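A.B. asks: Residue-level listing of the chains:
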Amino acid sequence: MNFFTLFDLPETLDVDKAKLSATYQVLQQLTHPDKFSTGSDQEKRIALQKNSQVNDGYSVLKAPLARAQHLLSLRGVDIKDEQHTMQDTTFLMQQMEWREELEDAQNDEDALWQFHIDVTKTIQSEYSQLTDLFDAHADINILANAVRKLTFMYKFQEQVQQHLDKFED
Amino acid sequence: MALLQIAEPGQAAAPHQRKLAVGIDLGTTNSLVASVRSGVSETLADDKGEHLLPSVVHYAKDETVVGIAAEEVAAQDPKNTIVSVKRFLGRSLADIQATWPNLPYQFVTDETQPNNIQLDVAGKIKTPVEVSSDILQVLKQRAEATLGDELTGAVITVPAYFDDAQRQSTKDAAQLAGLNVLRLLNEPTAAAIAYGLDSGQEGLIAVYDLGGGTFDISILRLHKGVFEVLATGGNSALGGDDFDHAIVDLWSQRWGLSAAANKTYYRELVTLAKATKQNLSAVDIVEQDITLGTDTYDASLSKVDFDFAVQPLVQKTIKACRRSLKDADVSADEVLAVVMVGGSTRVPLVRAKVSEFFGRPALTSIDPDKVVAIGAATQADILAGNKPDADMLLLDVLPLSLGLETMGGLVEKVIGRNTTIPVAKAQEFTTFKDGQTAMMVHVLQGERELVEDCRSLAKFTLTGIPPMAAGAAHIRVTFQVDADGLLSVTAMEKSSGVQAEIQVKPSFGLAEEQIASMLKASMTNAKDDMQQRMLKEQQVEAARVLEALNSALQESGAKLLSEDELKTLRDTMQTLDDAAQGSDTQAIKDAIKLVDNASQDFATRRMDFSIQQALAGKTVDTI
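Sequences listed follow chains A and B, in order. Note that the first sequence covers residues 1 to 169 in my numbering. Note that the second sequence covers residues 1001 to 1623 in my numbering.
Simulated from the structure, these hints should not be mistaken for laboratory data. Quick caveat: nothing in here was measured; it's all calculated off a predicted structure. Mixed in with the good hints, there may be bad ones.
Computed list of lysine-lysine pairs in DSS-like fashion (alpha-carbon distance at most 27 Å, straight line) [what the hints assert, rightly or not]:
#, chain 1, residue 1, chain 2, residue 2
1, A, Lys35, B, Lys1413
2, B, Lys1520, A, Lys44
3, A, Lys80, B, Lys1413
4, B, Lys1520, A, Lys149
To spell it out: a stretch of chain A is covered by chain B in this simulated footprint if at least three of its residues, at any positions, have a beta carbon under 8 Å from a beta carbon of chain B; those stretches are [what the hints assert, rightly or not]:
#, segment
5, 20-29
6, 36-45
7, 92-105
Every residue, glycine too, gets a C-beta built ideally from N, C-alpha and C.
Construct the entire structure; sequences and hints are all you get.
C.D. replies: Now the structure itself:
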């Protein structure tokens, strides 16, 4: 299922958020099971399936990482359930460094916040590079590695966030 | 003078006649039924003018009493008077006995399903589903008597935080009571409907719903008739009843009451505690005595002591509010209104803490007891087909993550909490051994990582997998959650296209066969002939299928179907039409299936076409 097609959006990494949201509302009005409550069992079933696709599509297109992974899968590489080890040694070393730094900083709220800011900045720059790569129709392997990098960055950001959450209660 | 045509009751011949639909709030403490009449959604009263029906059921040898009359004998006959049965739905016997050791009921172990709760009442064995059904039946009768005809259907509300087992049990209870369930609706969403339509409020609202046995917090966005739930949280085992228990514990400690006495006088103590809690909403101290057996105790209580006793419970709810705001990715000050639902929100401490958390006074002007039923009735009216041009759309979410048991007793999440429903997710599996033709999937609900910390939902056994070498089979298991929040599982072996057979063994509640046999038993007792009923159902469905298809063909048949496809389809429709005129129920069923298969592609094309049209014709500034 090509969610960009479903939502009538061009297949680019950056999406028009307003258009996505507006289209979502239209699709809901057309496919929500409640609109078929007096219909036949078949109509209800088809609406259920279509509406599920709409909900899935919306959640994927809304989230930058999921959107990137979806776009990559449309180009032929599905990395979601990958157990792939990356070949990019520089990046692997960076990952290890970051992980160690996080270990050390886990009880230092200020250090964690700084980490959070740094990781967010890195994500933004990786994302913007990825947008250019997709637009330039870069080699699939380059695209795949860039998405893998982004995936790791988001996972790492989650971990930083989890440590920060501990200070909240 | 012209003769007036008076239709026979229940014969709904005219397809555009108003359908009678109701909203039912099946509450822990009180239940209500509401309906939309002359454009206004209102609760229905019994013949004494009472709108609230206490969710209390008393069983005697020859009769079942529900409501106020049952409440009145609760203290005299606690064993046979079931109070707050909602707390038992979809739960295990072990759970219940661990949480409430002093219940006065007689539990009977179900040998075949030791998890199941069974009660011995007046010599009869009743399950929580059946007890709930007895309550629903009274509401059904009340509605039919007031509205003057048979009901088309009902929207039944459930706590947003109810899991799959609790929801399914609620649906089972409704079906057993003879109700056609149009939708299971989350209570906070129902309240949001009543509040939203009444106030015209747009933007972010929070619904804080503290009932007798359950707590829900929902964050919704209201915009142009669309009610979108952003996040929902809560605790399906926390409610006003627990406030009552806290008071009982306080007294028990104060008087040094023995364990035996606690058990014997459970019902009296809880009843007084509840009344005391309610009184403390208005006064600062209640001075009273209670006589238990031959002893009299000082059961006075000050608001200060009460607040201290329940503070931990209230704090739990505030924590859940904090988490839901986070899940919704909004801050407290972005919330424009906080709607209080449920009788327990009358407690001053609750109001104070909620208002403090959200930084604005919580809204208490809407009747917290009726608002859920009123919202449910509004949706029921639309789902029954009485308002084809209604704008209102409810986008709700899954409250608890769905996961699968994997190696090592871990749970792998398949669908995350707060995902908008309906939703479907597929997961691929393969076989372990050569020639393996079956596999078992254990589905759980919850946020934790270990199987033992999550709620076991059901075990799905897939059979009929074509025998292949180990690891060669690609079984695609699809988890579908519908708009009621209920899970169904289908599985297909990809290389062969073979659809696997699924047997479901629910971990809690009744298995499909049990419910089916209960339904059958209840029908043979009913006045209508079951055969007649089933025939009528098929004829109605046949008419529905044909009407829908005829209008669809008129609209886009020529555009979307080839000549051959059209002919094939029309032939099957003729077969169905002929069968529907007759009285062979199975023949009608088969013909419907025939038409379904022949029209499946057409239906999918129509759906895709209408989407295409809508998106192409849409300009940037619509919506």
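A.B. asks: Assess, step by step, whether the Cα of A:Lys35 is no farther than 27 Å from the Cα of B:Lys1413, and give holds or violated.
C.D. replies: Cα-Cα ~30 Å, so violated.
A.B. asks: Three or more residues of the segment 20-29 of chain A near chain B by CB distance under 8 Å?
C.D. replies: Since three or more residues must qualify, the claim that chain B covers the segment 20-29 of chain A holds, with 7 doing so at under 8 Å.
A.B. asks: Is B:Lys1520 close enough to A:Lys149, meaning Cα to Cα at most 27 Å?
C.D. replies: Violated - the C-alpha atoms of A:Lys149 and B:Lys1520 are around 59 Å apart, more than 27 Å.
A.B. asks: Compare the distance between the alpha carbons of B:Lys1520 and A:Lys44 with 27 Å, and conclude whether the hinted pair is satisfied.
C.D. replies: holds (26 Å)
A.B. asks: Has the segment 36-45 of chain A got at least three residues whose CB is nearer than 8 Å to a CB belonging to chain B?
C.D. replies: holds (count 7)
A.B. asks: Within a Cα-Cα threshold of 27 Å, do A:Lys80 and B:Lys1413 meet the stated pairing?
C.D. replies: Given that 27 Å is the threshold and the Cα spacing comes to 14 Å, the pair holds.
A.B. asks: Okay, the segment 92-105 of chain A and chain B, do three or more residues pass the C-beta test at under 8 Å?
C.D. replies: It is violated, with 0 qualifying residues against the three required.
The structure is inconsistent with the numbered hints 1, 4, 7, although it conforms to all the rest.
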